[in-house]
Amino acid sequence: MINIEYYLVLSAAIFCIGVYGVLARRNAILILMSIELMLQAVNINLIAFSTYLIPKGELEEHLGFIFAIFVITIAAAEVGLALGIILRLYRNRASVNVDEVNLMKW
Amino acid sequence: MFPADLYLLMPELALAGMAIIVILADLVLKRRDLLAPLSLIGLAVPVALSIVLWLKLDSIDPHALSGFSGFFVVDYFSLFFKFLILGATALVIMASRESVTRFSRFQGEYYALIMMASGGMMLMAAATELVSIYVALELSALSTVALIALLKNSRSIEASMKFLILSAISSAVMLYGMALVFGLTGSTRLLDIADRLTSVSELIDQPALLLGVIFIITGFGFKISSVPFQMWVPDVYEGAPTPVAAYLSVASKAAGFAVIIRVFFLAFGSLTDEWALLFAVLAAVSMFIGNLVAIAQKNIKRMLGYSTIAHAGFIMVGLAAIGREGELLGPGVESILFYLVAYAATNLGAFIAVIAISSKINSELIDDYAGVARRNPFLAFALAVSLVSLMGLPPTAGFWAKLNVFNAAIETDLVWLALIGMINSVISAYFYLRVIKTMYLSPPASEERITADLPLKAALAIAVIGLLFIGIVPGFVMDVVETAVGTLA
Amino acid sequence: MLADYGYIGIYLLLATLIPVSMLLIPWALSFVGVKPHNPTPVKLETYESGMRTIGGSWIRFNFRYYYFALLFVIFDVEVVFLFPWAVYLDKLKLFGLIEMGIFILILMVGYAYAWRKKALEWS
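Chains as they are written, first to last, in the numbering used here: chain R, 1 to 106; chain G, 1 to 489; chain E, 1 to 123.
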């Protein structure tokens, strides 16, 4: 039997990888991918909770899944917007390196 | 079952519908100058619908209508924020007629996006459930990202990039917190979460719950630009089109505080020991960082950006000032709502004046504001009054706002926090007064008059009269605020 | 329970066996001389539906592909809402149908916007 703990550990691990990627990477696209990892970790959590902890037949039975669907779609919108901005950034600056995005400081 | 609830959502639906109409009109119409009046009419519809809902609330007993199986509520609190956000949006649209011409190809998008962002913020204030809170939050955040990028020059793209990445990170962290809370309590509805937390006593001691709460603070802290999540503020204010910065500083902050009040006072009311102190510390740090760094600024928009961080700190004093056992919704929450109204009038006044002056003198440096008083006395006076109100001196709205917040802190034994707040008010006087001094005492670079168009002047006049009105007769707003907080429980 | 794992084990075994044998059989056959071995440069060329290819496949491609990809991703993912809706349509009845109609209409506005703003054109 696979317990819920496995999913929670998996999700926590993916989330931490995502956080590491956000902090360590300098390429805007890779940062976006890391953020995506964080969101997927959340989805694993939501679905695991919904499957294991919510008793069948309750109103909340599918809440976790619905939440996950919203997270997926909003993440897609976010990525669409982000890629649009990164394209623009590349046109302006010929680089997508966040270290070089530093016209404004303090 | 569902259609019966739809009328509760009418203001938001009307606003979204009007935003779509504006986009379509932009595709079809040749005359771009019709878009601003069209969007103002678009804002009038939700205002009217909100008034209808307010009158309806008067006639029923618990003064709150919950819809969509508890995902959404219409009460005085949410309607209060609807009026505040719609009012701020209307003033920003009035003031942006000239700035909009700078993004010639995207005028329709500007108005539509600002309306969608308002729709998201109105939903934020009315949502009583984590999924809808998240969707509302992202609706406003993503619209704002696009708004910041509209200028399409390097600075604006850079600002929107920074805003987007930080917003995405903070909302991912917040979601993780929400998932933990959902897993522990088995519900995403705020009232159910509160029920579970009080009925199942071992939940309170769960470290995972505390982690979830702290993660949720991350997401909201980003919205209100409180300290550890404030890095985006100055850059976005400098890079974004000025009306967007004005809008962001007022509406986004108001909606953020509305969500915080709902989530923390309704769902996590039994955890006050954990988060009240956290908010107190964040408030103190925000005030210091905002005010001290603002002193060093040369660009007025950046200065206002740091000032907005400091004001987030002042408002958070109200969050920390929760009553002792049993009276959670005490003077603290009322002082927050009052502060938000006062801050909306004040900061919009300051920003609208900056829009008018900076677009004419083509500079955002404080030094270039020299002698503006002689080039246009009205604009200089309005900016000066707004800055005095930001300082918190009578007879302006800012004075009563700060007084209320500090009073609430003292009443709930947070004298140290109130003291820090007062020290910070004194620090802030330095950089606000410097701008006034430059405008009135320094010799102007040229004698050419600074002109502004009529809608902008009207918006500016409304903001300034509003802040003076609140400053002279604070009782009126205080009554409204008391009604709004009254229905919250 | 254990039997379920057994099936997975058999599946794993088969999943490794088939590709390994597909590699091993030609290798073994090459000793008997059944497998022909005549490498020509044509075999390494980029395949393009039988047309004669021009240049390599590692080229910079047009920026505009990204815009199409972006539009595709957004419209594609929004469709995810259709799945739960389709499953529960019998319970949602007419209201659900109308509501999804409005949802698709809003997506259509986005599509019309992209079209009108010439995001779908190759210029």
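What the hints contain is simulated information worked out from the structure, not anything from laboratory work. Errors might be hidden in some of the hints.
As a list, the in silico SDA-like pairs of lysine to any residue whose alpha-carbon atoms are at most 25 Å apart [what the hints assert, rightly or not]:
hint, chain 1, residue 1, chain 2, residue 2
1, G, Lys152, G, Lys298
2, G, Lys30, E, Ala69
3, G, Lys457, G, Val47
4, E, Lys117, G, Leu24
5, G, Lys152, R, Asp99
6, G, Lys30, G, Glu98
7, G, Lys152, E, Ala69
8, E, Lys117, G, Ser154
Here the structure is a predicted model, which is why all the values come from computation and not from measurement.
Here is what the structure says about each hint:
Taken as a hint, the G:Lys152 and G:Lys298 pair is honoured in the structure, with Cα atoms around 24 Å apart against an allowance of 25 Å. Between the alpha carbons of G:Lys30 and E:Ala69 the distance comes to roughly 30 Å, so the proposed pair goes past 25 Å and is violated. Between G:Lys457 and G:Val47, the direct Cα distance comes to roughly 22 Å. Compliance with the 25 Å bound is thereby established for this hinted pair. This hinted pair checks out: E:Lys117 and G:Leu24 have alpha carbons roughly 11 Å apart, not beyond 25 Å.
About 20 Å separates the Cα atoms of G:Lys152 and R:Asp99, which keeps this hinted pair within 25 Å; it holds. Taking the CA atoms of G:Lys30 and G:Glu98, the gap is near 18 Å; set against the 25 Å cutoff, the hint holds. Using a Cα cut-off of 25 Å, the hinted pair G:Lys152 and E:Ala69 holds, with the two alpha carbons roughly 21 Å apart. Restraint check for E:Lys117 and G:Ser154: satisfied, since their Cα atoms lie roughly 22 Å apart, inside the 25 Å limit.
Consistency note: the structure conflicts with earlier hint 2 alone.
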